[in-house]
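Enquirer: Be aware that the sequence shown starts at 3, since it is given in our numbering, and climbs by one per residue.
Among the clues, some could well be false.
As the list claims (entries may be wrong) - Pairwise CB distance ranges, derived in the manner of DEER restraints:
{"#": "1", "residue 1": "78", "residue 2": "98", "range": "31 to 37 Å"}
{"#": "2", "residue 1": "210", "residue 2": "232", "range": "35 to 41 Å"}
{"#": "3", "residue 1": "182", "residue 2": "53", "range": "17 to 23 Å"}
{"#": "4", "residue 1": "172", "residue 2": "79", "range": "44 to 50 Å"}
Don't read these hints as lab results, they were simulated from the structure.
We treat Cβ as the ideally placed atom computed from N, Cα and C, and that holds for glycine.
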Amino acid sequence: MEPAAVQSIHLYPVKAFQGLTADAAAVEPWGLAGDRRWALIDAGGKVVTQREQPRLALAAAEPLAGGGLRLSAAGRPAVTVEVPEPSGTVPVNIFGQKVEAVPAAAAAHAWCAAYLDQDVRLVHLDDPATRRPVDPDYALPGETVSFADGYPLLVTTSASLDALNSLMAEGRHAAEGPLPMNRFRPSVVVRGTEAWAEDEWARVSIGEVVLRVARTCGRCVVTTTDQGTAARGREPLYTLARHRRFDGGLIFGQNVVPLTRGTVRVGDPVRVLERGGVGRKQERERERADRRSVGRVGR
């Protein structure tokens, strides 16, 4: 088997919009540079994602010099958005966490509202170093995150996707597969590992950057959304529920937090510096599930 290395790098300038691929990306304490510094909020200040609006998968955000954006979607004129001056903030509710962010110009709000046919505003996270702490149950002191769901980066492996697609091919909704990796909206995809090897990672290096694994990534309905059409299906949640249910979640990928700054590049070596208990805990859960299954058969 080839050594583990970075297969691809992905950025999402606006949370829930289309992702971009990159050959390299700077790693900041709160995530990849330029990743999810923008998000949409509804009239009540709650962040809007593909969970509620799958059509966001079809909206594009092109980064511009200086941190601005060019928003576009099929059949609509594009709009340019400048980074707003931090003259005032609005409250943002992201999964129950209260954060302050700076609203964009009215033209940006109007474009997004017309696209979704919903009263939404575009906001910018002006100070990711202080605005939003990582969940304290899984964080080290001082760790923060952008508008990502909960953690600075998500790492997945191509071998695990291959294994998942093989399981799907044997299941009830085989016609929906195979699924591409973009269903899982990762930050970094790693090649050259065994399937589910990432379950055992506690601390890894990607090129010059060291990261710690905070927790496994429990998957949601966004993974059932075709990122090219916005249509929804049953997979991969149907198969994950049968084969990857751990800690009360349907697991695919690892949420990681940078311990050092640097740049990650496609082709960078990925090394496991420390192995943790996540995989062993999952093995124990599988063993308990097997024993329960045997008991039911015996009855």
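Enquirer: Against each hint, give a clear statement of whether it holds in the structure.
Expert: Structure-based check of all given hints:
| no. | hint | verdict |
| --- | --- | --- |
| 1 | 78 x 98: 31 to 37 Å | holds, 32 Å |
| 2 | 210 x 232: 35 to 41 Å | holds, 37 Å |
| 3 | 182 x 53: 17 to 23 Å | holds, 19 Å |
| 4 | 172 x 79: 44 to 50 Å | holds, 46 Å |
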